[in-house]
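Undergrad: What follows is each chain in one-letter form.
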Amino acid sequence: MNTFTLKYKLFTFFILLFFAVTTNAQKDSSFIKRISADTSKLKMNLDAVYNRPFLQMGKLPIALGGYMEINTNYSGTNGVADGFSFQFKRLTMFMASTITKKIKFLSELEFEDGTKEINIEFAAVDFEFHPLLNLRGGIVMNPIGAFNQNHDGPKWEFVERPLSATQLLPATWSNAGFGLHGKLYRSNWVFAYEAYLTNGFDETIISNTKGKTFLPATKQNRDRFEDNFSGEPMLTGKFACKRRRFGEIGFSYMGGVYNKYQMAGVIIDTKRKVNVFAIDINSTLPKLNTMLIGEFAWVMVDMPAAYIQNYGKQQHGGYLDIIQPILKRKIFGWEKASLNLAFRTEYVDWNVGSFDVTGDKIYEHVFGIVPGISFRPSAQTVLRFNYRYQWQRDLLGNPATRTAAIQFGISTYF
Amino acid sequence: MKKRSLSLSVLVLFVLIISCTKLLPPVPKNDEVLAGTIPGLSPQHEKEHLKGDEAFGRIFSKEDGLGPIFVQASCSNCHIENGKGHPSTELTRFANVNGTVIDYLLSKGGPQLQQHSISGYSAEVLPAEANVFSKRVAPAVMGLGYIAAADDQSILNNADPNDANGDGISGRVNYVNPTNFFTSLPIHIANNGQYIGRFGKKAEKVTIQDQVVFALKQDIGITSDFDMQDLYNIQFGNNTGDNVPDPEVSSGFVNNLVFYLRTLKAPPRRNTFDADVIAGENLFTQIGCASCHLPTFTTATSDIFALSNKVFHPYSDFLLHDMGPLLDDGYIEGTAAGFEWRTPPLWGIGLAKNSQGGKLFLLHDGRATSFEEAISFHGGEAASRRTAFGALSQPEKDQVIKFLGSL
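Chains as they are written, first to last, in the numbering used here: chain A, 1 to 414; chain B, 415 to 821.
Chain A with its partners taken away, still in its complex shape (with noise of 0.2 angstroms):
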């Protein structure tokens, strides 16, 4: 079967399976029962998979939800228009299923582009032993820093994804594996960890088009599902704590080999590690109420000797976001509708370091500002108008490369 075939053929299954639940509920709206989540507020970053809106169809024990993100896109880098497009980014679908009242099974299915990208980004079990001792296995989403697990387009106030969440660390980023993960409540406290052991990077991160070290160029391992590329499981862990009414903060780890240096049994190379280390938080400011939500990523790869300084030993990025609500109040009919007016600040060194020639500093930078403005007439649903200005400087730090991009989208759970 062609790639084509597939992709048209899961597409229609998943249409249909929406539609004919939909067309239920037409019949009968008592049928179908929304279980809502008020996607709007800070949950703690490991419940993200879980804190989604879902229809549960009678006794149906399949639970389904989704969201979908479109929006327009004009752009120019140093004068030179792109054009005007629509983007449609992304349609994604969740299922979600109690199998036992401790065994829950949840899966997410991703469009991308339309169809150009198709992705199991999530697709798990989970069995509860103790709330402090969970196992989980699958398809899982590697836990470094926040914002990989806490994805949805709806929660967030901009069009485009935290640069350092995609150029920096490849967000979306799972894969198969098996984890332990809990949490412990302690008066105002909320403890939690995850650590999994999953298939991992492979040579591409420092072997790819982009020309740098480019974490993200592993995602286009078809067969990362199925065969870790290194032969050596790749580990991620993450400690949260949150307390109430202040915010949460989480400390991640994720690293292993991601070259292939044994092969027929015979060692053909030296092991060459990738570690990733990120921090995370995000907090609703008391009175106030401004939320912010930030996080930062260190990223160190072991280089072969004879590399090309192109390709960076070190990098990091982060970015934070400042989101203040200014209207909460019922508008346009719509009861719970807000106005906030958003900021966000981000930054990504692809290689820190300096040349080996003549000492002076590498740059291969970004940096970025995103003024916004969103609406939401419900906390599932957001309408958002973003305009962008970056800065980005090459490999000698050249006068920077200045991109504009105004986008007005919409991102919706179903």
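In case anyone wonders, no lab produced these hints; they're calculated from the structure.
Fair warning: this is a prediction, and the values are worked out from it, not measured in the lab.
One or more of the hints may lead you astray.
[What the hints assert, rightly or not] Quick list of the computed label-pair ranges, beta carbon to beta carbon:
1) A:Leu60 / B:Ala449: 53 to 61 angstroms
2) B:Pro659 / A:Leu60: 49 to 57 angstroms
3) A:Gly359 / B:Asn605: 40 to 48 angstroms
4) B:Gly744 / A:Thr401: 35 to 43 angstroms
5) A:Asp269 / B:Leu570: 51 to 59 angstroms
6) A:Gln314 / B:Asn685: 40 to 48 angstroms
[Said to hold, decoys possible] Take a look, some chain A residues computed to stay more than 12 angstroms from chain B by CB distance:
7) Tyr50
8) Gln56
9) Pro61
10) Ile70
11) Thr98
12) Gly114
13) Lys116
14) Leu135
15) Leu180
16) Arg186
17) Leu197
18) Arg244
19) Asn275
20) Ala306
21) Tyr387
The beta-carbon is built from N, C-alpha and C at its ideal position, and this holds for glycine as well.
We have chain A already, so just place chain B on it with the hints.
TA: Frame of chain A; chain B shown alone:
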């Protein structure tokens, strides 16, 4: 409330509509950037240029056939912004010289060091037998189409190998053997089966195509229809190449690159009406710099109409000159001795900082970090010009420097 919300929405919509073009970054001034096409290209040629631009920027990976040993992974990694390169991407040629006999050490990985390799493969190191080394920073690639379109006679007209005119300058052409894919054009004049080299730091390449095919292979490790034999590391017995079938790029890809280089605009001048710049150019001529750095050439008839019979200002005579002991790297190329270098075109030198990370790395190996320092390395035939520059007053020197900055 409804009224207020509505007003706000209208305001947002209004901003949306009016801001689209005004909020985009402005176009940099044409005379400050090195990208762009020669004037007068047809839309079809513009389209072909863009194809070449894409090829020039293509970053090769292991899966594309990069290496297995290489210097850099893309044309644009060395010729950043089409401008002068940076020492971090310099290449090294090596050989064993015994008197006037040169051995390019082909059996030891010569003539060029590929100091990088794909993962799991050994990179080259300089062999113990090598006793001469020529480090080279990538040149700017602007305006090459004009240089390629000038006829051999216009270069020969300025040659004076025996200094018959007694001006102390004895430029000569470098006759080199043509490649097996060279096609002679009406602009070329053969000399016992050899042709005049006009590209490369020692004028060792006759055409842009020669340079492109050589650089693809020796710098990136990419085979093409014109040179099918992949590189491998002969030094460590890794006499296996990569796993990508050869040729790794087609003749079409090479031709796109050549067309791109032929149609890149000439480096733009700035401040040409500035009094100091005009005075500086006069001094430049008076002290004899223009004897080699000839300001003006005219192209012959070209298959690209926009290049036909055009006056251009490279500030070079494309001839080999004895540059003295300070610039003698001992490396012989064709008939060019170690101390002989082709006069590098000075056009675009004023914008070199914009492609070299805000600093200057001048001369063939980037050793000079200012115009004054570059002049101070001039010896041999150019020694008298260096002395003449040194004799200028400081304001006069500043004027010459200002003129160079305007190129």
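Undergrad: Would you mind marking each hint as holding or not holding in the structure?
TA: Verification of the supplied hints:
no. : hint                                    : verdict
1   : A:Leu60 / B:Ala449: 53 to 61 angstroms  : holds (60 angstroms)
2   : B:Pro659 / A:Leu60: 49 to 57 angstroms  : holds (53 angstroms)
3   : A:Gly359 / B:Asn605: 40 to 48 angstroms : holds (46 angstroms)
4   : B:Gly744 / A:Thr401: 35 to 43 angstroms : holds (41 angstroms)
5   : A:Asp269 / B:Leu570: 51 to 59 angstroms : holds (55 angstroms)
6   : A:Gln314 / B:Asn685: 40 to 48 angstroms : holds (41 angstroms)
7   : Tyr50                                   : holds (34 angstroms)
8   : Gln56                                   : holds (34 angstroms)
9   : Pro61                                   : holds (43 angstroms)
10  : Ile70                                   : holds (16 angstroms)
11  : Thr98                                   : holds (41 angstroms)
12  : Gly114                                  : holds (24 angstroms)
13  : Lys116                                  : holds (20 angstroms)
14  : Leu135                                  : holds (36 angstroms)
15  : Leu180                                  : holds (33 angstroms)
16  : Arg186                                  : holds (43 angstroms)
17  : Leu197                                  : holds (24 angstroms)
18  : Arg244                                  : holds (32 angstroms)
19  : Asn275                                  : holds (18 angstroms)
20  : Ala306                                  : violated (3 angstroms)
21  : Tyr387                                  : violated (6 angstroms)
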